[in-house]
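These protein sequence lines are chains A and B, in that order.
In terms of the numbering used here, the first sequence opens at residue 1 and continues consecutively.
In terms of the numbering used here, the second sequence opens at residue 1001 and continues consecutively.
Honestly, the hints are just simulated from the structure, not real lab data.
Where a beta carbon is used, it is the ideal one built from N, C-alpha and C, also for glycine.
Keep in mind that the hints are not guaranteed to be accurate.
Residues from chain A shown here face chain B by an in silico Cβ test under 10 Å; the list is partial [stated by the list, open to error]:
| id | residue |
| --- | --- |
| 1 | Gly199 |
| 2 | Gly263 |
| 3 | Thr326 |
| 4 | Lys330 |
Stretch-level coverage of chain B by chain A, calculated; a stretch enters the list once three of its residues show a Cβ under 8 Å from a Cβ in chain A [to be verified]:
| id | region |
| --- | --- |
| 5 | 1033-1042 |
| 6 | 1064-1072 |
Footprint (simulated), chain B over chain A, 3 or more residues, beta carbon under 8 Å [as the list claims (entries may be wrong)]:
| id | region |
| --- | --- |
| 7 | 31-44 |
| 8 | 183-195 |
| 9 | 333-343 |
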Amino acid sequence: MTDRIAILGGGTGGAVLANNLAERLRPEIDAGDVEVTLINDDPDHVYKPIWLYVPFGKREPADARRPLQSLVDDRIDLRIDRVTRIDTDGKRLELRDGPGSLAYDYLVAATGSTLAPTEIPGLEEGGHDYYSESGSLALRDDLLSMTEGHLVLSVIGTPHMCPAAPLEFVFMADDWLRERGLREDVDITYTYPIQRVHGNPHIAEWAEPIMDERGIDVETFFNADAIDPEAGTVTSMEGTEIDYDVLAAIPPHRGVDVVEEAGLGERGWVDVNKHTLEADEAEDVYALGDAATTGVPKAGSVAHYQAGVVAQRLESEIRGRPATETYDGKTLCFIETGMDSASYVEFDYENPPSPAPPSEKLHWSKLAYNESYWLTARGLL
Amino acid sequence: MPTTDIEPTDTVDARGAACPGPLMDLISRVRGAESGDVIRLLSDNDQSLTDVSEWVDETDNELLAVDESGDEYEFYVEVA
């Protein structure tokens, strides 16, 4: 009997997992005993961290795209299609284009994050994000024409992709405007929903003095409730109103609807055991990366490490051995602190982050990793 | 056993979530709530004791009660 593994989503987690399985289960796949199907609704794989550099004119959205087919092992059955229903009892997936439905024995949801700006009145019209191609391009246009006024970075939705990116954006904007001789004429304000500048207290404690030193104004306990694009104002649930000329906003995030409709978790995030990555609400279903509610950041490094765990667990299950591999919360992030300096953090469930002193070397390390990322997607790094 | 007889409109179960997850879950639910709704937040994170009360103080919402008698904390927040 053939064991069928279906992977939903060809982002970092899905691509790394598919290639990892192709390597681990090569004999079984070649013998026809295992089939691995990767389903993605875009023929391209997209490396989203590139978008941070687009508003500053450093990268183009095309730099973040490569055909998924070129990254995934030939042993993987790649389907460019969209899953419209997950039946976890019958272990079947309904597909938009088909043909027919797809049966599975093991399912991995690597369905990522989606943006939900319409949850905040006025946000689509009044703000831009750098969490999408279109948003990063629109923000670039606004920033390039900005010579004075008020640049506001507002973290509205949490959890959101790459929790360090809002800090990176204001640090980079500050440096970029200084280099262009505009900083004295552009005020920068950073808003955050809770009482500090980042969800993780250790990173917040590290970032706050840097923001103070750079003259970046901070509004904490600021949960944007409405944007008035005409007036150029952001109003918070706490009753504070801020005027803006350019608004870079981190919109509310969701998972995908089919996950929620399958009863796997609220807002499209899959409830999982944070160590085994097994779904709470269905048998033989795993989730990884942004889609999994493990409490760690929605970041590429997390998806990468979790893919290794899921691959080993699936290998064990298919070979009839107890699955022993677990995820320890390992997360790794570079944090840009300007246009030519960066910090670095590494942490897990037990050990908190301790940001490294910013340096040019770490900045170039981040840029070098962005280039070598394509080896990660191929399962080689 | 709970020590309050407040009837919540909705419950947010944030047990197991690390800080600031419980507060963010509460804020997210308050966003979609009606004035007068009472949201019950379940959290087993000690930090929630300060996070939730500090945030509610910043808003017009009201922290009606905090039940600490069980294995987790129960916060009752009335939406302004």
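Taking the hints in turn, this is what the structure says about them:
no. : hint      : in the structure
1   : Gly199    : 5 Å, holds
2   : Gly263    : 15 Å, violated
3   : Thr326    : 16 Å, violated
4   : Lys330    : 15 Å, violated
5   : 1033-1042 : violated (count 0)
6   : 1064-1072 : violated (count 0)
7   : 31-44     : violated (count 0)
8   : 183-195   : holds (count 3)
9   : 333-343   : violated (count 0)
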